[in-house]
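Protein chains: 2
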Amino acid sequence: MANDKKKMVEEITSMEVDFAKWYTDVVKKAELVDYSGVRGCMIMRPYGYAIWENIQKDLDARFKATGHENVAMPLFIPESLLQREKDHVEGFAPEVAWVTMGGSEELTERLCVRPTSETLFCDHYKNIIHSYRDLPKLYNQWCSVVRWEKTTRPFLRTMEFWWQEGHTMHETAEDAIEETERMLNVYADFCEQSLAIPVIKGQKTDKEKFAGAQATYTIEALMHDGKALQSGTSHYFGDGFARAFDITFTDRQNKLQYPHQTSWGMSTRIIGAIIMTHGDDNGLVLPPAIAPIQLVILPIAQHKPGVLEKASELRDRLQSVCRVKMDDSDNSPGWKFAEYEMKGVPLRLEIGPRDIENNQCVLVRRDNREKTVVSLDELEAKIPELLKAVHDGIYNIALERRKRMTHVCDGDFEDMKKMAAEKPGFIKAAWCGDLACEEKLKEEAGVTSRCIPFDGESVSDRCVCCGKKAKATVIWGKAY
Amino acid sequence: MANDKKKMVEEITSMEVDFAKWYTDVVKKAELVDYSGVRGCMIMRPYGYAIWENIQKDLDARFKATGHENVAMPLFIPESLLQREKDHVEGFAPEVAWVTMGGSEELTERLCVRPTSETLFCDHYKNIIHSYRDLPKLYNQWCSVVRWEKTTRPFLRTMEFWWQEGHTMHETAEDAIEETERMLNVYADFCEQSLAIPVIKGQKTDKEKFAGAQATYTIEALMHDGKALQSGTSHYFGDGFARAFDITFTDRQNKLQYPHQTSWGMSTRIIGAIIMTHGDDNGLVLPPAIAPIQLVILPIAQHKPGVLEKASELRDRLQSVCRVKMDDSDNSPGWKFAEYEMKGVPLRLEIGPRDIENNQCVLVRRDNREKTVVSLDELEAKIPELLKAVHDGIYNIALERRKRMTHVCDGDFEDMKKMAAEKPGFIKAAWCGDLACEEKLKEEAGVTSRCIPFDGESVSDRCVCCGKKAKATVIWGKAY
Numbered sequence: 001m002a003n004d005k006k007k008m009v010e011e012i013t014s015m016e017v018d019f020a021k022w023y024t025d026v027v028k029k030a031e032l033v034d035y036s037g038v039r040g041c042m043i044m045r046p047y048g049y050a051i052w053e054n055i056q057k058d059l060d061a062r063f064k065a066t067g068h069e070n071v072a073m074p075l076f077i078p079e080s081l082l083q084r085e086k087d088h089v090e091g092f093a094p095e096v097a098w099v100t101m102g103g104s105e106e107l108t109e110r111l112c113v114r115p116t117s118e119t120l121f122c123d124h125y126k127n128i129i130h131s132y133r134d135l136p137k138l139y140n141q142w143c144s145v146v147r148w149e150k151t152t153r154p155f156l157r158t159m160e161f162w163w164q165e166g167h168t169m170h171e172t173a174e175d176a177i178e179e180t181e182r183m184l185n186v187y188a189d190f191c192e193q194s195l196a197i198p199v200i201k202g203q204k205t206d207k208e209k210f211a212g213a214q215a216t217y218t219i220e221a222l223m224h225d226g227k228a229l230q231s232g233t234s235h236y237f238g239d240g241f242a243r244a245f246d247i248t249f250t251d252r253q254n255k256l257q258y259p260h261q262t263s264w265g266m267s268t269r270i271i272g273a274i275i276m277t278h279g280d281d282n283g284l285v286l287p288p289a290i291a292p293i294q295l296v297i298l299p300i301a302q303h304k305p306g307v308l309e310k311a312s313e314l315r316d317r318l319q320s321v322c323r324v325k326m327d328d329s330d331n332s333p334g335w336k337f338a339e340y341e342m343k344g345v346p347l348r349l350e351i352g353p354r355d356i357e358n359n360q361c362v363l364v365r366r367d368n369r370e371k372t373v374v375s376l377d378e379l380e381a382k383i384p385e386l387l388k389a390v391h392d393g394i395y396n397i398a399l400e401r402r403k404r405m406t407h408v409c410d411g412d413f414e415d416m417k418k419m420a421a422e423k424p425g426f427i428k429a430a431w432c433g434d435l436a437c438e439e440k441l442k443e444e445a446g447v448t449s450r451c452i453p454f455d456g457e458s459v460s461d462r463c464v465c466c467g468k469k470a471k472a473t474v475i476w477g478k479a480y
Numbered sequence: 481m482a483n484d485k486k487k488m489v490e491e492i493t494s495m496e497v498d499f500a501k502w503y504t505d506v507v508k509k510a511e512l513v514d515y516s517g518v519r520g521c522m523i524m525r526p527y528g529y530a531i532w533e534n535i536q537k538d539l540d541a542r543f544k545a546t547g548h549e550n551v552a553m554p555l556f557i558p559e560s561l562l563q564r565e566k567d568h569v570e571g572f573a574p575e576v577a578w579v580t581m582g583g584s585e586e587l588t589e590r591l592c593v594r595p596t597s598e599t600l601f602c603d604h605y606k607n608i609i610h611s612y613r614d615l616p617k618l619y620n621q622w623c624s625v626v627r628w629e630k631t632t633r634p635f636l637r638t639m640e641f642w643w644q645e646g647h648t649m650h651e652t653a654e655d656a657i658e659e660t661e662r663m664l665n666v667y668a669d670f671c672e673q674s675l676a677i678p679v680i681k682g683q684k685t686d687k688e689k690f691a692g693a694q695a696t697y698t699i700e701a702l703m704h705d706g707k708a709l710q711s712g713t714s715h716y717f718g719d720g721f722a723r724a725f726d727i728t729f730t731d732r733q734n735k736l737q738y739p740h741q742t743s744w745g746m747s748t749r750i751i752g753a754i755i756m757t758h759g760d761d762n763g764l765v766l767p768p769a770i771a772p773i774q775l776v777i778l779p780i781a782q783h784k785p786g787v788l789e790k791a792s793e794l795r796d797r798l799q800s801v802c803r804v805k806m807d808d809s810d811n812s813p814g815w816k817f818a819e820y821e822m823k824g825v826p827l828r829l830e831i832g833p834r835d836i837e838n839n840q841c842v843l844v845r846r847d848n849r850e851k852t853v854v855s856l857d858e859l860e861a862k863i864p865e866l867l868k869a870v871h872d873g874i875y876n877i878a879l880e881r882r883k884r885m886t887h888v889c890d891g892d893f894e895d896m897k898k899m900a901a902e903k904p905g906f907i908k909a910a911w912c913g914d915l916a917c918e919e920k921l922k923e924e925a926g927v928t929s930r931c932i933p934f935d936g937e938s939v940s941d942r943c944v945c946c947g948k949k950a951k952a953t954v955i956w957g958k959a960y
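Chains as they are written, first to last, in this note's numbering: chain A, 1 to 480; chain B, 481 to 960.
Just so you know, the hints here were simulated from the structure itself, not pulled from any lab data.
Each hint should be verified, as a subset may be incorrect.
Now the in silico label distances, taken between C-beta atoms and shown as ranges [to be verified]:
(1) B:Glu789 with A:Leu308: 53 to 63 Å
(2) B:Asp540 with A:Lys325: 13 to 23 Å
(3) B:Ala959 with A:Thr13: 48 to 58 Å
For clarity, every value in this text was computed on a predicted model and none was experimentally measured.
C-beta: ideal position from N, C-alpha, C; glycine also.
From just these sequences and the hints, can you work out the full model?
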């Protein structure tokens with residue numbers, strides 16, 4: 001920051017004017033990413049990567065607390081291995097990058113850069129699973145994967161993205177399904193408790209499920225502009241891959257069985273969700289749990305005797321309370337206010353000569369700019385309280401917004417088209433279960449099925465598209 | 481571990497019989513890695529990956545304490561970018577994997593899978609460095625890289641390996657050289673303080689330095705079998721890349737300058753060094769600082785009343801003291817002793833009915849099997865003390881071995897050849913500085929220059945190869 005001395009805080013396009021441009025401005029100006037010379041690949045800059053590091057640390061602890069272990073798998077998948085499970089290869093082959101040469105020699109078999117690692121895990125599981133005593137295997141890996149996307153946007157859709165992918169094997173279908181649900185709950189809890197993002201849990205329709213899965217569960221969040229963002233998914237595979245890869249184990253009755261499999265993932269997309277759920281026209285608003293800087297100390301009239309000393313003393317003292325930074329650069333206080341607002345720092349502490357005289361300082365919340373005058377003796381108690389207030393504040397705003405932007409359509413297809421065109425947000429409407437209706441809704445109303453929510457209240461007994469008997473309530477929407 | 485019930489602890493080939501086989505046995509049987517279906521790529525299994533996680537955590541804290549920030553760069557380098565710096569591309573092009581297709585479409589420009597990321601960092605630095613106020617840039621990334629190797633061995637040489645790569649830019653040559661030395665010291669301190677591996681710091685000869693570097697510094701460790709292992713390197717690039725990538729900044733006198741650059745890396749090879757420095761015929765011996773399990777609690781006669789309760793109570797109580805595991809599987813104590821010796825767990829705690837009666841337990845060190853009877857009231861004090869004793873013990877053994885296996889050759893080429901053939905280890909011998917002598921020593925005596933040590937005592941004033949005037953003392957050896 002000391003290097004930014006002469007930099008101006010640049011204007012961010014207003015959300016109302018152009019939401020897409022607002023997003024790109026925030027991502028660039030808060031220095032989260034830079035575009036690289038490689039088409040569709042982003043560079044995560046220190047501030048963006050620090051957010052990802054905090055996400056990793058938090059999620060990883062949740063995975064370990066639920067008994068999972070980390071491993072590292074190869075980056076490459078031989079073509080024959082990718083082809084082993086039919087549905088899976090059909091889903092992924094069109095969007096993978098192929099390595100065809102090593103040094104100057106042509107490879108006899110092409111290698112794809114992993115788009116996801118089910119096939120690699122299965123190849124390994126075949127070596128290490130023999131008995132029910134070897135189960136469950138509860139593995140996870142942190143890595144990047146590559147999917148050959150046509151159009152890309154930082155965090156939301158990039159050719160290379162970073163994620164974790166859990167891959168587990170179980171004795172029974174019940175155990176595997178329980179795992180799928182457990183991990184979906186881990187994701188939902190993480191989103192709500194750490195990212196202050198309310199999510200809807202549900203199941204994907206067959207059309208939208210993962211290539212090769214029997215069932216895909218999802219958490220869906222609603223962005224500021226009324227579009228949905230799939231924030232984490234959890235898949236149940238049954239024993240399909242196990243059969244394709246010939247993975248068997250001797251069960252408790254000494255019979256040979258196929259194990260049941262799951263996988264689940266959350267990626268750097270979630271940073272896009274944080275930006276578009278909480279951000280405003282002044283820039284980022286970061287949930288305290290993952291903010292690289294939770295409190296920034298800004299000395300006021302810092303040339304006056306004692307101010308910098310006091311500010312430094314506070315910085316040292318508050319290290320044990322939160323992630324703290326003190327900015328004593330010679331930029332103006334106004335510049336600094338704008339800069340740290342843009343960077344979404346949850347709390348700002350202002351301290352000047354008069355504050356010092358009165359043994360106090362001013363704490364300002366990023367979310368609503370509420371100011372509190374606090375005695376310097378009470379900071380250790382007050383800061384965690386205010387960080388929690390910021391978390392709760394932004395969570396409630398997001399929840400209120402989602403309520404406001406969730407609509408029910410119990411009419412016919414014309415009503416649905418009209419609602420989809422006029423009302424941004426989620427639309428709850430009944431569905432007969434036919435692919436044809438789902439496709440028609442996508443093509444003519446421009447909405448896709450986000451999920452069949454677990455808490456599926458019935459909104460109508462007739463399909464919103466064809467009028468036939470409804471099988472499920474679906475949440476429809478436009479999506480990132 | 482509960483799953484290993486019926487598994488036998490398999491025999492490990494003795495070091496004396498076949499060192500290479502001993503290494504492979506340890507790596508496989510301690511479940512550090514599995515071979516994958518991708519030629520030359522390894523799978524890091526939970527126990528192996530947990531070691532890497534502990535290494536990462538420790539090193540990352542040292543990087544952050546010296547002012548470095550983490551970023552993430554793309555996996556791919558466009559061919560034209562790799563070619564920008566002449567020496568660099570010559571060094572790396574023969575050993576890279578090339579992506580030539582995305583989905584079903586042929587790429588107009590090939591992308592290589594990064595073998596190292598200098599070119600990507602430079603491409604980014606060009607965007608973000610404009611003024612001396614933007615300097616230094618002190619970046620690091622954790623990732624995997626790919627080099628198309630012909631023959632591979634787990635950890636020591638794999639096509640894909642995991643590492644960190646630091647890349648920094650500075651105002652002056654002095655600043656950059658200071659950084660290169662600082663990071664070499666960070667590596668050396670880490671090896672000695674956390675891995676208990678003594679290392680020699682020095683400079684690489686021109687022949688052995690990194691492609692594109694002006695100077696390469698290295699830390700060299702000596703393995704059990706007398707072969708050297710390069711454990712970390714730090715490179716000074718001058719402004720060569722900056723010129724090739726046209727990165728300039730306005731200096732304090734308002735003149736345009738090229739910044740000065742460094743890079744430095746340590747990889748999963750270091751796990752190979754841990755194995756081959758400390759391991760013995762019973763398996764791994766892990767330095768306490770990075771051991772996934774620092775203390776294993778083994779209940780003796782665990783079916784007797786109160787034993788398992790006491791063991792569980794101790795496990796819970798000792799969580800705050802060290803990384804602890806309790807094994808209450810129904811394997812025999814003998815099996816468990818062998819298993820955790822093989823896994824290199826630094827301390828074993830045995831507790832049985834009589835111990836409980838006497839309010840005591842037995843602590844056994846992995847390195848020398850020394851047993852200590854300890855009162856249960858003193859565990860919090862005694863365990864850290866014993867972990868330190870294990871660290872010091874294995875460090876001193878490694879240091880003694882290196883002393884014993886470091887030879888001085890002040891004779892002629894025939895003496896050198898004889899010594900290289902008969903005495904495994906490091907050979908200190910003078911060198912005239914000519915590439916021809918270095919190559920002759922490699923071809924005819926089978927040794928390469930490991931480094932010109934910083935503490936270069938003079939061993940002779942004549943080159944051990946040609947007899948001409950010596951320019952430096954070099955450490956020669958066979959190397960991994």
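Okay, the hints, checked on the actual structure:
1. B:Glu789 with A:Leu308: 53 to 63 Å: holds (57 Å)
2. B:Asp540 with A:Lys325: 13 to 23 Å: holds (19 Å)
3. B:Ala959 with A:Thr13: 48 to 58 Å: holds (57 Å)
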